[in-house]
Amino acid sequence: MRSGTVTPHAVANCLAIVRRGPEKNPSASPLLNDLAMRTDLIIGMAGSGGDGVVSAGESLITAAALEGYHAIMTKSFGSQIRGGESSCRLRISNREVLNSGGTLDVAIALNWEDFLKFGAELPVNGHTVVIYDSKTGVAPDRIPLAGVSPAEVVAVPVGDIAKQTAGTDRAKNTVVLGLLAGWFGIARDSILAGIRKKFGKKTPEVLAANERAFTAGIAHAAANPLRTEWKMAPAVAGERPLLVDGNELCAAAAIFAGCDFFGGYPITPSTEIMQFLSREIWKYGGTVLQAEDEIAGIGAVVGASFAGKKALTATSGPGMSLKTEMLGLASIAELPLVCVNVQRGGPSTGLPTKSEQADLLQAVFSAHGDVVRPVLAPISVADTFGITVEAFNIAEQYQTPVIVLSDQEIAQRKETVRPIDTSAFRIVERRRPTAAELEHYTRFRITESGISPISQPGEPGGNYLASGIEHNEHGAPTASGEMHARMTEKRLKKFHPLKQRRDLFVIEGPADAPIALVGWGSVAGVAREALRLAQADGLRVKLLIPKLLYPVAEEIYADFFASVQAGLIVEQSYQGQLHHIIRMFVDVPAGIESFARAGSNPIVADEVLTRAREMTLALQRRRVPQTEPRE
Amino acid sequence: MTSVAAAVAEQHLPKEYQSDLKPIWCPGCGDFGVLSAIYRALAAIGRPPHEIAFVSGIGCSSRIPGYTTAYGFNTVHGRALPIAQGIKLANPSLLVLVAGGDGDGFSIGGGHVAHAIRRNADLTYLVMDNQIYGLTKGQLSPTSPRGLKTVTSSFGSLEAPVNPLLYVLGYGAGFVAQGTPADMVGLEQIIREAIRFPGFAFVNVQSPCVTFGEPDAQLKVHKLKMQSLSKLGHNPADRLRAMDLAQAYGTELYTGIFYRTPEPSPTYEELVHARHEELRGAARPRERILDQFRPE
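As you go down the protein sequences, you meet chains A and B in turn. In case it helps, this note's numbering puts the first sequence at residues 1236 to 1866. In case it helps, this note's numbering puts the second sequence at residues 28 to 323.
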C-alpha cells in the first residue's frame, strides 16, 4: 500500500472524533424546520493541490467579511510542494467566533482520498451535509463510513459543470462557491463581486467563464434542492472588519511598535512575517535581512539592537533551537529584541504545516545560565497585534530578549478582526542616558529597578563594551564571583514588576467558581467557548488565560485557584507543558487535570464542556456525604 | 581658525583609542602588536572613537574591542560577522571593525564569512591567525598544519588546514591582505587600507601564540620568512595571481595586499540606502499600518 492511501483507521478518525452539543441543532425550533436559519456554520473543503479549495475559501471568507459575518478560515496542506492534498475550513457566524470549531456542517470533497487524509481536521458526523464531486469514484452507498451516516450525501458533477460552463476543470472551485451560495444562501452578491474583482484583472474571457461557472453552481443547487433545507441567517452589518492572519498582524504590529530591523531565515509556519516585512519595512527606512542561517538572523538582530534599533526575528521550533545561544548573549548584554516562535508539530521537522503548543518548555528554558526571559503568547489572531506590541515594550523597558510563542493555528488562520484602534496602545522606548549620565557613563549601573541607561554607537560619551562575558557596571570583563552574583541579581530583579501585570491575563466567570478552565495560545479560544457553553448550561466555571507565560505570575494564579476544587488546563501538546510550568511555581489544587493532546488533533469546546460537566457532577456527589452528619 | 589649524585640531592620537583595560594576553603575544597597529591605523583614519563599533567573537584576539575606546561588542564564538552586519545596517554611518581568531572565522563561524562577502558588507575583518586555540590552552585549530599534535589531536591531526586567503578570495572578497606584527609599519598600513576600502575587507594577521604556537610560527621566524608582495612586484588588481600566491599559505609568508578590486561593487549598505531612497514616501503612517487588511 503506498503511503497516503486511505486506511480504515483514518476513516474512523475522520468520522468518529467529535460529538456535537445540542446548541447547534438546526431543527431545534419546530417552526423553523422547513427553512431553518443558522447563525453558525462550519464548512470544510478538500481536494488536490490544483483544485483551488484554498482559493475558494479565501473568496468565501472575503465575501463573508464584506457582508458583516464573523469568520475564521484555516488552511491545511500535505507537505508536498505542489499538488498533494490541500484543505480549508471556514467558520462563519453572526457572533464573534472564538475558534475554528469542531464537526463540519458542510463537507466538500473534490476528491475523497484527499479529504480523508485530513482525518480529525475535517470531522464529519450525523448532521453533516456532504457534497462531493461525482467524478471522485466513490459510490454514494459507500459514503456512510465507519458507522457514521451524514445527514445527506450529495454527488455533484462539479468537474463536468466547470468544463461545460468555463471550458476548464480549473473553475471547479468557482462552481463550489455557486453551490454554497445556492444551497445555503451564503454571501451570494459578495462572492460574485469578489469573482469580478479577482478575475477582472485577467482577461474578459476568464472573468466571463468564472461568472458562468458560479451561476451554474447556483442553478444546480436550485434544480436539486437538499432534503434538509436551511439557510445561513443574514449578517448583521456593522463596522467593516479587518481580514487578516496572525503572522500578518504580528509583522504589522512590529512596524507599528517602531521595529526597523528584521533578521531571519525562512521557516514554516513563520515565514509570512518575514514576507510581510520584506514588502513593508523598507518603506519606513527599515531593513529585512534574509540571513544565511537562523543564528545569523538573530545575530544581526542583536547587532541592530546594540546600534539602537528595535529589532525582530521570527522562526519555528528547530530555528528556535539554533537561536538560543544568541538569546543568552542578548540577556547578559541586556539588549532588547523580540523573537517570535510560531510553533508547529515537533520535534525536528515534525509536522511543519500543523499546529502544536509544544515549545513552551523550550521557550521558558531556552536559557543557558541563570536568567529569565519573558515569554508571551497571543490568544487569537486579533491578540497577536497587542501581544507583539507588548513584546517590544517589555523588551525595551527591561532591556531583554522577549519570546512570543505564536502557533500555526493563530499564525496562518485568516480571521475577521474588529478594527483595531492603534491609539489605544502605548509604545515604550528603551531608557537612554541623560546628558548628565553621559558625563560619567556607566552602562550596567546597578539601580533599584535593575534597569540602567543604554547608549548606542554614535553617541558621544556613551562608549562602552557590551559583552557576553560577565562584566562590572562599566562593562569591563570580570571573573569575580561577587560581581557575577550582583549582576545576576540585577538582571533577574528587573522582571519582578512583570509578575504583577494582570492585564496580561484574561480572567472570566464568577470569582468563587469551583471549576477552572485554563488555556493558552490558540487553544484559549476553545477554552473561552467552553466557558460560554458551560455558563449557558448553568455550570459554575471560571476561566484563566495567561498571555504572560514566563516569568510565572504566582500571585495571579494563586488568587485564581483559591476557590477552585477541580479544573482543566487545556493545551495542544502531549505532555501538557503549561500544566508542568504552572506546577513548578504554584500550589495547584489537587483536582486540576491536564487536558492535553498532541498537535494537529483539534481540541473542541464540546469535549472540554463534557469534562467540565463530569467534574461538576463529581463535586456535587462529593458534597453529599459532607452534609449528611448535619441532617 | 584657518583650515590648516582645523586639520591639526582634528588630528587624532593613537592613545585616544586605547582604553584603561589591561590586556590579558601572555607576554610576547602577537596580538599586542596587532592592537598597537590598530590604534595607529584608527588615529590615521581619524574617526572619533564613539563613531566606531568594534565587534569580536571569542578567543584571545576577541578581547581586542575592550582594549579600545570605541563602542565594543565582545559577542559569542563565531558570530561576530552577523552581529556586525546588523550594526552596520542599523547605522551605516558607523565605522564597523570585526576581529577574531582562526577558530572564529574559519571553524565555528566559517559559514558566515561567505555571506558577509557576497553581500559586500562594508566591514573590516581582522583575523588573528595563530593556528592554535590559545585561550582554551592549546587545542587544534582549523588552520593548524596537518599532523600537528595537540591536546585534542594526541597522535597528530588528520585534516588539512583551511587556507583563509584562498577561502575569501574564492568567495569574491574585494580586499584581501596578510600581515604580521613582525612588520609593524606594514601591518598598520594594511589595516588602514582595509578600513578605507569601500566594502568587505579581509586581513589575515599571522599573530603568533607564544605559549601554544609552534616554534616556527614565532615573530623571529616571521622576520626571516616574510616577503613583501609589493617588493615582489605583485599587482593587487590581479585576482588570479593573488590566488596563485595565496596557495603558498602555510609555506611562504607573504605580507601586503593580495587583492584589491579595481572596480569595487556597491556595498550592501549603499544598496539599502538606494532602496530607501526609491521607496521614500511610499509608507502610510505606522499607526495606519492595519488599513491594508480591510477587505475589498
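For the record, the hints were derived by calculation from the structure and aren't laboratory data. Since we're looking at a predicted model, the values are computed, not measured. We treat Cβ as the ideally placed atom computed from N, Cα and C, and that holds for glycine. The reader is advised that the hints may include incorrect statements.
[Unchecked claim] With a straight-line Cα cutoff of 20 Å, these simulated DMTMM-like cross-link-like pairs (lysine to aspartate or glutamate) come out: (1) A:LYS1432 with B:GLU304; (2) A:LYS1518 with B:GLU323; (3) A:LYS1734 with A:ASP1772; (4) A:LYS1432 with A:GLU1293; (5) B:LYS49 with A:ASP1794; (6) A:LYS1436 with B:GLU78; (7) A:LYS1370 with A:GLU1331; (8) A:LYS1728 with B:GLU305; (9) A:LYS1433 with B:GLU220; (10) B:LYS49 with A:GLU1705; (11) A:LYS1432 with B:GLU186.
[What the hints assert, rightly or not] Some chain B residues judged to face chain A by a derived CB distance under 7 Å, without partners named: (12) GLN45; (13) LEU48; (14) PHE182; (15) LEU185.
Going down the list of hints, with the structure as the test:
A threshold of 20 Å between alpha carbons decides the hint, and for LYS1432 of chain A with GLU304 of chain B the separation of about 33 Å lies outside it, so the pair is violated. With a C-alpha separation of about 23 Å, the suggested pairing of LYS1518 of chain A with GLU323 of chain B is violated against the 20 Å cut-off. For the hint linking LYS1734 of chain A to ASP1772 of chain A, the alpha-carbon distance of about 34 Å lies beyond 20 Å, and the restraint is violated. For the hint pairing LYS1432 of chain A with GLU1293 of chain A, the CA-to-CA distance comes to about 13 Å; that is within 20 Å, so the pair holds.
Simply put, LYS49 of chain B and ASP1794 of chain A have alpha-carbon atoms about 54 Å apart, too far for the 20 Å limit, and the pair is violated. Using a Cα cut-off of 20 Å, the hinted pair LYS1436 of chain A and GLU78 of chain B is violated, with the two alpha carbons roughly 51 Å apart. Between the alpha carbons of LYS1370 of chain A and GLU1331 of chain A the distance comes to roughly 37 Å, so the proposed pair goes past 20 Å and is violated. Using a Cα cut-off of 20 Å, the hinted pair LYS1728 of chain A and GLU305 of chain B is violated, with the two alpha carbons roughly 46 Å apart.
For the hint linking LYS1433 of chain A to GLU220 of chain B, the alpha-carbon distance of about 57 Å lies beyond 20 Å, and the restraint is violated. Restraint check for LYS49 of chain B and GLU1705 of chain A: satisfied, since their Cα atoms lie roughly 16 Å apart, inside the 20 Å limit. With a C-alpha separation of about 63 Å, the suggested pair LYS1432 of chain A and GLU186 of chain B falls outside the 20 Å cut-off, and the hint is violated. The interface hint given for GLN45 of chain B is violated, since its Cβ lies 13 Å from the closest Cβ of chain A, which is over the 7 Å cut-off.
Nearest Cβ of chain A to the Cβ of LEU48 of chain B: about 6 Å, under the 7 Å cut. The hint holds. Taking 7 Å as the C-beta cut-off, the interface hint given for PHE182 of chain B is violated, the closest approach to chain A being about 32 Å. Residue-level restraint check for LEU185 of chain B is violated (minimum Cβ-Cβ distance to chain A is 27 Å; threshold 7 Å).
Hints 1, 2, 3, 5, 6, 7, 8, 9, 11, 12, 14, 15, counting from the list given before, are not met by this structure.
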